Every structure is written in structure tokens, then in C-alpha cells.
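Those sequence lines, one after another, are chains A and B. Start counting the first sequence at 1; every next residue gets the next number (full-length UniProt numbering). Start counting the second sequence at 1; every next residue gets the next number (full-length UniProt numbering).
Keep in mind the hints are simulated off the structure, nothing from the lab. Heads up, a few of these hints could be off.
Treat identical chains as interchangeable: a pair holds within one or across any two.
[Stated by the list, open to error] Calculated lysine to any residue pairs in the SDA-like style (CA-CA distance at most 25 Å, straight line):
#  : residue 1 : residue 2
1  : 58        : 420
2  : 268       : 387
3  : 421       : 399
4  : 421       : 314
5  : 421       : 129
6  : 268       : 37
7  : 268       : 5
8  : 58        : 398
9  : 268       : 34
10 : 421       : 124
11 : 268       : 36
12 : 421       : 192
13 : 58        : 178
14 : 421       : 26
15 : 268       : 186
16 : 421       : 377
17 : 421       : 354
18 : 58        : 385
Bear in mind the structure is a predicted one, so any value in this text is a computation, not a measurement.
Protein chains: 2
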Amino acid sequence: MTSAPENAASATPLRLGVAGLGTVGAGLITLLRDNASLITARAGRPVEVTAVAARDRKRDRGIDLASFTWHDNAADLVSDPDVDVIVELIGGAEGPARALVEAALNAGKPVVTANKALIALHGDELARLSEQNNAPLLFEAAVAGGIPAIKTVREGLAADRLLWIGGILNGTCNYILTAMRETGRDFADVLAEAQELGYAEADPSTDVDGIDAAHKLTILASLAFGSPVIFDSVHVEGIRHIGALDFSFARTLGYRIKLIGLARQTEKGVEARVAPCLIPETSPVAQVDGVFNAVIAEGTFVGRLMVEGRGAGAGPTASAVAADLIDLARNTTAPVWGTETTGLQPVRSRPASERQGAFYIRLTVADRPGVIADIAAVLRDCGVSLNSMIQQPSAGVGESVALVLVTHPTCEAGMQDAVSKITALPVVLSPPVLVRIENL
Amino acid sequence: MTSAPENAASATPLRLGVAGLGTVGAGLITLLRDNASLITARAGRPVEVTAVAARDRKRDRGIDLASFTWHDNAADLVSDPDVDVIVELIGGAEGPARALVEAALNAGKPVVTANKALIALHGDELARLSEQNNAPLLFEAAVAGGIPAIKTVREGLAADRLLWIGGILNGTCNYILTAMRETGRDFADVLAEAQELGYAEADPSTDVDGIDAAHKLTILASLAFGSPVIFDSVHVEGIRHIGALDFSFARTLGYRIKLIGLARQTEKGVEARVAPCLIPETSPVAQVDGVFNAVIAEGTFVGRLMVEGRGAGAGPTASAVAADLIDLARNTTAPVWGTETTGLQPVRSRPASERQGAFYIRLTVADRPGVIADIAAVLRDCGVSLNSMIQQPSAGVGESVALVLVTHPTCEAGMQDAVSKITALPVVLSPPVLVRIENL
Chain A
1 MTSAPENAAS ATPLRLGVAG LGTVGAGLIT LLRDNASLIT ARAGRPVEVT AVAARDRKRD
61 RGIDLASFTW HDNAADLVSD PDVDVIVELI GGAEGPARAL VEAALNAGKP VVTANKALIA
121 LHGDELARLS EQNNAPLLFE AAVAGGIPAI KTVREGLAAD RLLWIGGILN GTCNYILTAM
181 RETGRDFADV LAEAQELGYA EADPSTDVDG IDAAHKLTIL ASLAFGSPVI FDSVHVEGIR
241 HIGALDFSFA RTLGYRIKLI GLARQTEKGV EARVAPCLIP ETSPVAQVDG VFNAVIAEGT
301 FVGRLMVEGR GAGAGPTASA VAADLIDLAR NTTAPVWGTE TTGLQPVRSR PASERQGAFY
361 IRLTVADRPG VIADIAAVLR DCGVSLNSMI QQPSAGVGES VALVLVTHPT CEAGMQDAVS
421 KITALPVVLS PPVLVRIENL
Chain B
1 MTSAPENAAS ATPLRLGVAG LGTVGAGLIT LLRDNASLIT ARAGRPVEVT AVAARDRKRD
61 RGIDLASFTW HDNAADLVSD PDVDVIVELI GGAEGPARAL VEAALNAGKP VVTANKALIA
121 LHGDELARLS EQNNAPLLFE AAVAGGIPAI KTVREGLAAD RLLWIGGILN GTCNYILTAM
181 RETGRDFADV LAEAQELGYA EADPSTDVDG IDAAHKLTIL ASLAFGSPVI FDSVHVEGIR
241 HIGALDFSFA RTLGYRIKLI GLARQTEKGV EARVAPCLIP ETSPVAQVDG VFNAVIAEGT
301 FVGRLMVEGR GAGAGPTASA VAADLIDLAR NTTAPVWGTE TTGLQPVRSR PASERQGAFY
361 IRLTVADRPG VIADIAAVLR DCGVSLNSMI QQPSAGVGES VALVLVTHPT CEAGMQDAVS
421 KITALPVVLS PPVLVRIENL
């Protein structure tokens, strides 16, 4: 096993000020203690926590904080002369996390953060601050937990032009969708269970409405295509509207339902969106279940690549933070977006309406003669061509029945137009469920 | 899209001397030309080929070499004052490749290589040369082609203690095993087809006998466990003995057959081996088919991780070589084994006989009363406990019949003893096929 050679152990340590002592902060302190010898060898010098900051000093976190300087105010870590690096684990795109990171970079202190919202919303500004002050800003833990997704894209695939990047970027949604598929239960029921198990927050909206995945996709797309993507321009849909019925229809059609973040480089620019998708069940990304995440990409030279692992949790996230610290200790860090910021311009995602692709639509209709003719006429008038159709056995004429349509690839604007018109038909009893099909 | 800012484009270029102009060398020259602007931006300066060396100057490689200085002798690249970095794409653990890399490192010139045999056999010595001369030695392309497996293990997972590492490391074998499973054909038949398609060499032994995978596993294990593993101590089996029948039995049992390289950190030391294995068909690594490779690992904090992609070919390999060149251009390179060499001692793999695990054994026996009793008695006497058994329907008493046994986890030494004794039984008509079961 790796143990630290004497010259590394006696070298000047890299001294950390850790802001935020939730599960990830506690996990990092545990990891740095348990793997100290190995990390010293790989970093070429010891990596040590010297100071911490959190809101409640008295809370029992299950770790011994006695040897660290305590700061009630995270901002004081920046002026602490015994802190070389700020580790920001507070979270949130604004407030104390943003203030701390800006202050640290302005003071020339390197920052390591797990804060996806901060980088997704303010990465452009922070990259410039990092460069102007020659203070590295690292955020491996912000995307896909323990998976070294940032390093893979920014360095491992740096020589290639990526055509698209994306994947399964939110473990809570993947857990819920996997459990819905496996048990046939409804969204609300599975969400409640996920909350009990600690896989979903009391307020689950950041996860189940796709926002967390969109933060991560924004970061991946910015790295992959070499320009910071403007978060607000990314199209975001969550998974609340997916029902138990959709899983049985998807199975019949040979698909699985996953919340997919996907960004493509098109001729018109970057197109980035997060939405539930039907993925062929034989595709590698369709096999990624439960709380696991996966990042997939395709490059012109490298072809397709997929990385799969634990996307959240104290251990995986701490591993990613500490890997960044080793790079810092060795002074082998790359620029925030992989290139210098000169000439980098933030770009807006193209609107979702420009997408070309196939769709799955589930309708609840009254079982009456002429229904299918009416719906087919709308689709024809909107230029949408049908690939296949499944109708659930009905309880009798006039009863409500589920009808699923699968289209050939079509323009999303035409599809949205058709859905509006279909929704307005008297025989259509509730809003259609529209899910994109991606042949990943 | 990323384009190079003016300050990067006008910075001092990194000048390459490329030794070896086979498909990978030609692919690298193409990639550096096609992606020049993007690479300049990410490297912070242009990355340019200035000199090349190969055996036959006249051969048409489909690329324009006119702007490069030609050397008939690769060793002359080291003394060429217009070459900053040696890119070694000659191949082979000895001869001109080894001589070139040693000469370059001794002269203080950094080396980027795709040569797995060289690093697997001489990595320990070359790491010391690299360190003594302050000349980086990079070899991302040596393992799993375009997959950034080296960077993932050496840097992305640097903060964690890995319990095991391995995967599907040879695309030729994975192609052959996938085709055998899908078509029911025999090894020789599928190999001949793979040779026609260019997926297998005229002399396929380095691939199909497991040697290429063992080179890659040796490198991964050395990185994962922090000590160079001695190549000759790695247990290596190929896939020639796997028959069409084994695929139908594996399917019945719920497994797939893959050539797996696997290295574990045990209490007694590192145990590394390459061999065909039965993998549960629901496992992610069992889904990796055709020429694709996958690297899997498990760490104490990070949990399980898998990276999957194209393991060979000009494009993916060139992408990996060029990613190393970008790291070199930015001066963000890590030591060969992730740590300084002081105190690093090469380690031998523990013998395969120490493995604890389950086995699949296929026997060809005469269909006679008492056969199973005889075999069961041998297993009992060797301390091997049976989990299940399948007997093929027989053509009649006295005819030969296939019999498959699956054991509970057992010690490999006892299993090998049992196989020797079973082979010697008069009712056993040909050498048993023994395949390990790994629950990856």
C-alpha cells in the first residue's frame, strides 16, 4: 500500500480552511484522516485541515474538531494566516458561499468547492477572478459526486471536439424512476419513501424539478464546448408528471425512462436541456439504476465514452474534493473552463423548440368512435409523422382509456403545436404526457 | 466552439518529435491538424509536430509529412534541437522503443507514449529515470485507448484507497467473445473473421492469450496500489479454450463470459490476474460488448466506478496521446506512479492459487452410471462444495455428454487439485474447462 515517503511527510503542508460542516464537510475530515499517509504521498506533502467555520459550534458531528481553529464567520477563513486554501462546502449560489469564494479569490487564495449552483450561475465571473488573481478554483465534486467527470472532460478529453455531453446527473430522480419502474408505484408514493430513506430532501423541488441536474449539465456543457453556458437559457423539466402507466408503456416499447441532461453542439450553437427521456433499454446508460450517476459524451476522435458511479453522498463527494486538493498541492491545476478566459463569451442555449427528435405522447381519451382519426388529423396538419401507437384495452365505449403515440423524428416546435391542439380536443380528458425519445 | 485566443496562439509552441508512423502516428498528426485551434486554447500554446521518424520514408500514410524533419533513426529525435517532446509510437517492450525512451529521459526530454508493454515491463526503472532527470513520462494511451483511465486512477481517484481495479482491457478478445455469444460459433471461426475485419492481428497471440490485457492490468494495479507490480508475477490466461458450449451454459446460469483483468489488494498483498470469467449478466461490465473496453474500480470512500469507451483505434488512441501533450504544454503533469519513487518497491502478485472464489467447470464425460458419484467424491475430498450442476441431454448410455458444475466459493488451490484428479478419471474424456466466477 502507498505510504508517504519521509521527504513528502516532512514537506510544507497544504493548510485547509473548511467552510461548512454538513455530511460532506465531516466526510472530508474523515477521509483526510483515514487516508492521510496515502494523500501525503500523492500530494507530495501533507494536506491538513487547520481551521473550520460553521453555524453551530455545539452540534455533534461525530468528528473531533478540537485541533482546528474555529471561526463563527466563514469569511474569516480568508484572513486566517494559517489557511492556504478555502474549501467551500456551504452550498447555494448566493449568500455566504458566493461571498466567501469571491473574497478568497480576490485575496489570491485557491478555492475548492462542491457547489454546483455557484459554478453554474457564476462560473463565468469566478473564472475571471481566479485568473486575475492567479488563484485556482476547483470544483470536481460539483458534478456527479465521486465520478471524476470534470477532470475527464476538461483534461482527459481535452484534445477532442465533443459533439454532445450529458447523462444521468441526479441520483434522487434516478432512484425514484428506478423504484417506479421496478415496483409499478406512483411518483408521490416513491418520493415519500425516498424522503424517509434520506435519498430525497424534505423540499425535493431542486432535485425532482430538474434544477440540480441542470446546474451540473450547465457546467459540463461549458467545459465541453469551451464557453460558459448561461444557466437561465437551459430548458428544464422535472419528473413529477411521469406516471406508473408510462413505465409499462415504455417497457412494451423497449425503452426505459431516465431524467437526462443533454447538451449538443449544433450548427446554430449549443442546445442544452434537462428532461425525462425514453432511452432504448439496451443502451448502456439505460442500465444505470438507483442513486448511480453517469456522464456520457461523444467526440469526433475518441468516439463514445461513459463514466458511471456514485453521484452523491459524503464519501464520494469527499473523495472528489480531496482529489482537487492533491492537484492543488502539486500545483497541477487547469484553468476553470480548461482555457484562459480571454475571448470567452457566455453563450445562451438554443431554444428547445429547435430540437429534431422523436416523441412519446400518452393521452387519456374517451373511448369513442373517431377519436384516433381526430388526433391523427391534428398530427398530420402539424407535420408530425406517427411511428407506432398503443391503445390500452378499454372498459367500454365512453370510458376513459390511455392511448400512446410514438412519432418519427420531427421538429419540437411542430410537436408542441400539435400537443396544444390535441389538448383542446373534447375527447382528450387530461393534459398529454410528452416525453422525448433519445437514442443514446 | 473553442478557438485559441491570440495570446495562446502566439505563445511558444510545444514541438513534437513523433517516432513511429503507423495508424496511431498518422491519427495523431491528423488530430493535431484538425483540432489545432482547440488544442492551442486548451494547452495555452500551439502543439506542433516538427520532426518524425519511421522505417520507411516512401510509404503512403495518407498524410502530408513535407513540413516535418525526417529522421531515419528515431534516436536522432532526442538530439534534434527543434524537438521538445518525444512521442514514442513504435511499440514493443525492448529494442528501439525502449532505447528511445531511455535516451530521451536521460537527456531531460519529456516522453509521451502509447506503449503498454514498455510501461508494464520497465515502468519502475523509467519512473526513476523520469524523476532523476525531471522529464515527465506520460502514457494515457497505453491503457484502454481513448478512455482516460490512467488520469482517472492516478488523479481522479488519488484521494481514495482502492480495494480492487480491473475490467475489460482487450478489445480483440471482447469482440471475439461477444461474437461467439451472439452467433453460437466457435473460437477459431470468429477469430478468422476478426482477422479479416482488422480487429485481430495475423499473429493474434498477444491479444487472445491475455498478454495485452495483462500489460494494461499491471499498469492499472501499479497506479491503484502505489507500487509497481512485477509483470511476470501476474497470472495470465487467454480465451482459446472457451467453446461455443460454454456460452450456452453461461446463458442458462445467468452469466456472460468476459476476459477480465482484476487486481485486488488483499491482506497478503496485491493479487493480479487476467482470465476469462463468468460475470452476472445484469452487471454493468457484462453489458460492455464488441471492441469496447471498460475499467472498473472500487474505493473505500468513492464506492464503485466504471469507465467505458473505445479501447483501441487511431482516433481514440490519438486523443489520449494529445491529452497528455496538453498536460505537458501546461506543465501540469503528475509523477509516473502518482507519487515520488523514493521508497517505492516493485511487488510480486500473490499466486493465483490463493484466490477464494466460485468456479464453473465443464466436463466431457461418458454417460455411464456412477459418473457423477465419482466426480462428486473427488470434489468432496478436495474440500470443494457444489452449488449447482447441469447435464446436457445424452444421446444414450456410453455416449459423451457435457456436464457443468458450479461451485460455492472455494480456495483455488483445492479446486486445481480437484481438477487434476477429475481429469485423471477414466470417465472424463477431455481436459475440463475451468472458468472463475466473479460477481463484479
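(request) Check each numbered hint against the structure and report the violated ones by number, ascending. (result) 1, 2, 4, 5, 8, 10, 12, 13, 14, 15, 18
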